[in-house]
Amino acid sequence: MRKRKTNIFAGIDWILVLFYIVLVFFGWVNIYSTTVGQNDTSIFDFSTLAGKHLQKMIFGFALIIIILSIDSKFYERFAGIIYITTLVLLVGLFIFGSNINGATSWYNFGGISLQPSEFAKAGTVLALANFINDPVKDLSNLKSQLNAFLIVLLPAILIVLQPDAGSALIYFSLLVVLYREGLPAYYLVISFMAIILFILTLYVGFTVSLLIIYAILTLFFVYIINFKKFPFKREWYKIAALYFFIGLFVFSVDYVYNNVFEQRHRDRFSILLGKTTDTKGIGYNTHQSMLTIGSGGLTGKGFLEGDRTQGNFVPEQHTDYIFSTVGEEWGFLGSSAVIIIFVAFLLRLIQMAERQKSTFSRVFGYSTAAIFFFHFMINIGMVIGLLPTIGIPLPFFSYGGSSLWGFTILLFIFIRLDADRTYEW
Amino acid sequence: MERKHIAYFSILLIGILFIMRLFYLQVIATKYKPSPFNNSAIAVKYDYPERGFIYDRNNILLVANQPSYDIMVIPRDVRPLDTLEFCSLLKISKEQFIKEYKRAEKYSPRIPSVFLAQLSKSNYAYLQEKMHKFKGFYIQKRSLREYPINSAANVLGYIGEVNNELIKKNSYYQQGELIGINGVEKKYEEALRGVKGVKFIQRNRFNKEIGPYKNGSYDTLATIGKDITLSLDIELQQYGEALMANKRGGIVAIEPSTGEILSLVSMPNYNPNLLVGRERSKNYTKMHYDEFNQPLLDRSLKAQYPPGSPFKIINALIGLQEQVILPESSFYCYGGFKYGRSVKAFMKCHCGVYGSPIKLDRGIYNSCNAYFANTYKRIIEKYPTSAEGMKKWSDHVKSFGLGNFLNNDLSSGNRGLVPDDAYYNRFYPNFKWGASTTISNSIGQGEVLTTPIQLANMTAAIANRGFYFTPHIIKKIDNKSIQIDVFTKPKKTTIDPKHFEPIVEGLFNVFEKGTARGSRVKGIEICGKTGTAENFTSVNGNRVQFTDHSIFIAFAPKDDPKIAIAVFVENGYWGARWAGPIATLMIEKYLNGDTNRPWLEQRMFEGSLQDEYDKQLLIQQQLAQKED
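The listed protein sequences derive, respectively, from chains A and B. Note that numbering that gives the first Met the number 0 has the first sequence beginning at 0, numbered continuously upward. Note that numbering that gives the first Met the number 0 has the second sequence beginning at 0, numbered continuously upward.
FYI, nobody ran anything at the bench for these hints, they're computed from the structure. Don't take each hint at face value.
Unchecked claim - Covered stretches of chain A (chain B as the covering partner; in silico rule of three or more C-beta atoms under 8 Å from a C-beta of chain B): (1) 217 to 223; (2) 289 to 297; (3) 327 to 334; (4) 377 to 390.
All of these numbers come straight from a predicted model, not from anything done at the bench. C-beta: ideal position from N, C-alpha, C; glycine also.
Model the full assembly from the supplied sequences, consistent with the hints where possible.
Printed below as a string of structure tokens:
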């Protein structure tokens, strides 16, 4: 029988908590600069966005206490129920949710807004961890693979239907976790190559892309057959199938791009791939963001002194584009520092995940790291102009209760699990 | 454990990639670098150069500058101030202060906007000393225009504040800056305005100016505006405006050998000094809504009228060119011309030559409708189909610069109308049309529409015996003659020069023996043509006829002409009554410097057609009311 802990703080990884506090606080500092700026109001004025965010941070601290107080076992036992609950919340959006900016992503009740997709991340991770934890399930057999995919895809599809394709993208980060837990490598390789093919097809078009791929493949096979003397004669139908499926894929990419994607999506890709430059219309956000970051120079313009931020040049600057404020006001030194802190944070997470004794905790840790990593990579990539505009927040920096709490919950459940790692289950 | 290494590796890789990208954006790439325009610690001050002066062809000053002072505000630099004192200094109310301040704030907290425009000079001197007390406000000096001569407002145009649309399109302009809106001011805006200078001034944390930014290395000096010389002869212009007093219409005088516009009169007009400074808006609105007089309308450029008898000349020229008539060809006139089978198909003629053969010469100087109706019919019917004939005719007419914009440097105009086969096909889709249907074109009364400047240009083409230069108002920019091909290369008409001689003789005889006998000038050989255009206006869909318009075209001297002129007087009864005398007086004044017929001059100065205009207006209003 395990001893009941009296101190909820025992065993906690304080390094991770420190990262959390630093990131959240610095995030708030930048939100303050973006939203309040040089206006003469008190720092703690709760009617400003910065003040509101401060309120949410305080509530976040309350959440932390609650999460840490709950027994680790609870999370494992109730993983399934929590997951189902988040799915229900997602479905409920279509009935009770409000339609903002063309997407039904929010519940608005009595002045409080909640975005279920942010909480669904924690729910999905719990369910996934629980699933993999089961020793019967083995990711090298198809049935388990399909089950795992289902757990990840269900919430993803519900989110895509809102529509909010950007948020759904995050769930593909869990594919990496599955790989770590035994999913055969070829899934990853195929996904990676699919992405390459996708970009290639968009860039040069259906026919050229297909020609290039076929040329490469043919050269590859010719080389193998002639020089490595690989007997493919019996396997020729597999090669033919390969050609066929690749052709099908390239064709479907082209089809989806031109017939399913809306013009604005196509435009974003065009700008990213450099096919068109449009700094006034679709590419405006990215262009303004890059100008803002670039204008920071080496050391930045100083806190509250970023005139592009103060001048409101970048749209959505307190949410998706918050990193541009960092770039302008804190310069290369400041923004690199933030990158380094995030990287260290992520590495720490992985390290901690590796040291877990139970599969549940390990998978949870990896998933948490994967989700944070994807957010970090896509958001900052977008803000510095390496990726198209994909609307997802930067963890702990972007303004918003749901995203802050969602990440906090995810992180601190893991901290709780980690704190109990020395206990045998 | 290889899988976990991949995780570490990817995270580090992305991190490094991002840092490299940041390095590129923030340290290397120059287009993202901070510039003094983007930096809030730097104040940008503009230095506006003197706008170029405008002179007439004899170097008489038409437009000069006078200084004007605006109070500008940058809202976020404004610190608490004594608003009571400020308002009393500016002579505005507190409510106005708040209203203007809010407006500026809404426009932008950082970009300067005009708080109060055009202080009076006395106000400026007093205020200038006290401005340091009012942080965030400063005085910006600008140039307003000054018009020493009250004339040619329609040609000169005016300047005013640039509007937001233009600011978005052209990044040179900022809110509150002045730009040419109309006339020469607009067409030659870039030459006249020069280039404004920019000064960057460093500011410290407390927004106090501490000196030039980077030692002025980003600063640029202003380039002064260029003066321009117009082809206008202002004495002639003023004379024309005086002759047209209390009448409506236009006078256009061109130098045929260059296409330079000597005079461009449109009456009623206005004093150009009315559209200067603070009063401009108010005065403009008043004139804009004056529907009876329409002083802002440049009739010489925009008014479209049927040309009347002067157009007969074109038909004659086309007739000679198409070889359907010779100078010796003659026609008979029995009080008019029968153009169709029905009794009503008869076009009246008042030439007075009943029953005798009329040749080209007499046809012109007695202005016989029948002669030209015959000629026109022959032209159209020369070809197998009316459509072909009409097309040929139309092309000839258009080669005189009619039926389309002249593409010159005047800031407004109208196409006029020269019908062709396509036009009539549209108009009569189910009807077989021909010369008879369109016979009114022969006497300049049908579908043809011209503007006074087009008529003057046509006259210049005749004076030159077959070619013209696009009429233009500019003579020199920055004291150098213009080199613009469009204005300096001649445009040929489709009529051989040899056909012009008999026509010119006829036009000369208009004065010797014909309809303009009473307007002869001793010592000058003038060639011209009277015109009487019917005046139809549409009231509630009905065509109502009012008093005829008086038209006259002329050029002089007959050989080596120096001036080609078109005069148009609305409701002037007939050509020789008003337009003729005015045209000859203008010619006399231009060629001789003075006139020998003071009694005629006096009659023109004092003549008023205001009664006619009131009468027309009254009838129009009554008819409009009747329908209701």
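Status of each hint after checking the structure:
1. 217 to 223: Not satisfied, violated; 0 residues make the cut.
2. 289 to 297: Three-residue rule met by the region 289 to 297 of chain A, so holds; n is 8.
3. 327 to 334: With 3 residues closer than 8 Å to chain B, the region 327 to 334 of chain A meets the three-residue bar; holds.
4. 377 to 390: holds (count 5)
Checked against the numbered hints given earlier, this structure breaks only hint 1.
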